[in-house]
Each structure stands twice: as C-alpha cells, then as structure tokens.
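**Student:** Counting from 1, one number per residue, gives the positions in the sequence shown under the working numbering.
Some clues are possibly wrong.
[Stated by the list, open to error] In silico DSS-like links for lysine-lysine, alpha-carbon gap of 27 Å or less:
id	residue 1	residue 2
1	Lys67	Lys118
2	Lys118	Lys36
3	Lys67	Lys36
Hints are computed from structural coordinates only; laboratory data are not their basis.
Given the structure is predicted, the values throughout are model-derived calculations rather than measurements.
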Amino acid sequence: MQYGYFAAADDAEVVRILDRFDEQAEGTGHFELVVKHADPLEDLLPAEMSLTGRTEAELEADPRRGKFLGEIHDGELAVLALSDVFKEALSGASDADLRVAAAAIAGPSAEDVVSFFKSLAELARREASHHLYCWISL
Numbered sequence: 001m002q003y004g005y006f007a008a009a010d011d012a013e014v015v016r017i018l019d020r021f022d023e024q025a026e027g028t029g030h031f032e033l034v035v036k037h038a039d040p041l042e043d044l045l046p047a048e049m050s051l052t053g054r055t056e057a058e059l060e061a062d063p064r065r066g067k068f069l070g071e072i073h074d075g076e077l078a079v080l081a082l083s084d085v086f087k088e089a090l091s092g093a094s095d096a097d098l099r100v101a102a103a104a105i106a107g108p109s110a111e112d113v114v115s116f117f118k119s120l121a122e123l124a125r126r127e128a129s130h131h132l133y134c135w136i137s138l
C-alpha cells in the first residue's frame with residue numbers, strides 16, 4: 001500500500017481533489033509526501049501519542065482523526081483526515097521530539113522514519129492554515 005500525505009484548506013477542497021483525481025492526480029499540487037507502510041490510523045498511532053501527549057482513547061475519540069472523505073476506483077484509493085491536534089503537534093515539534101516519535105514506531109535506529117516525520121512536520125509548518133490529509137492506495 002502507498003500513503004500520500006498532503007495539505008488542503010478544508011474537506012470540501014479534498015472532495016474536489018478526489019473528483020479530478022482520475023485526470024490529474026499529480027497535477028493538483030497537493031500531493032506532497034508519498035510513502036509505504038505509514039498508515040495514519042495504525043502505524044502512526046504511537047508517534048501521535050508521543051507528540052500530542054494524548055492517550056490512544058483520547059486520540060481515537062477525536063472525530064477529525066481518520067474522518068473518511070471519499071474514495072475512487074471502488075475503494076482502491078481513499079482519503080482520510082489527520083487530526084488537527086496531530087498537525088499542531090507536528091508543527092511545533094523539535095527534531096528531538098520527532099526522533100522520539102519515530103522511535104515509538106521503529107526503535108532507536110529509525111533514520112528513514114525520522115526523515116518521514118521531519119518531512120511531515122515541514123508540511124504541517126508550511127501549510128499552517130490548512131488541514132492535513134492522507135490518501136491510501138491499494
């Protein structure tokens with residue numbers, strides 16, 4: 001599976017992106033970070049807990065976290081929202097915070113995971129007035 005993390009102004013913009021995804025997936029300007037093995041709900045949960053200081057139950061109670069926004073190609077590609085709490089935590093995270101978050105997922109020798117979190121944090125900072133989303137492709 002592939003995961004594409006991107007920012008958009010709001011959920012309505014994401015729906016518009018999905019509507020034209022077939023024609024210009026790469027031309028929308030929104031797809032910033034594409035990785036494998038980085039499910040936003042399961043794989044990133046330990047890091048989200050580390051960065052936000054919230055428990056699993058608190059994170060899962062957030063209605064924005066994992067909010068389903070749509071799918072195309074009979075479910076081969078779906079888009080979910082990331083919580084604004086996670087986005088804000090990423091925006092304010094230091095390199096040390098990101099290393100701790102990466103270690104929560106992959107252990108202490110996880111340079112590729114650290115790099116992923118640095119890129120995700122940079123996206124959150126650069127798009128401060130936007131929300132973060134993830135498309136998931138089978």
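**Student:** Among the hints numbered above, which are violated by the structure, and what are their numbers in rising order?
**Tutor:** none
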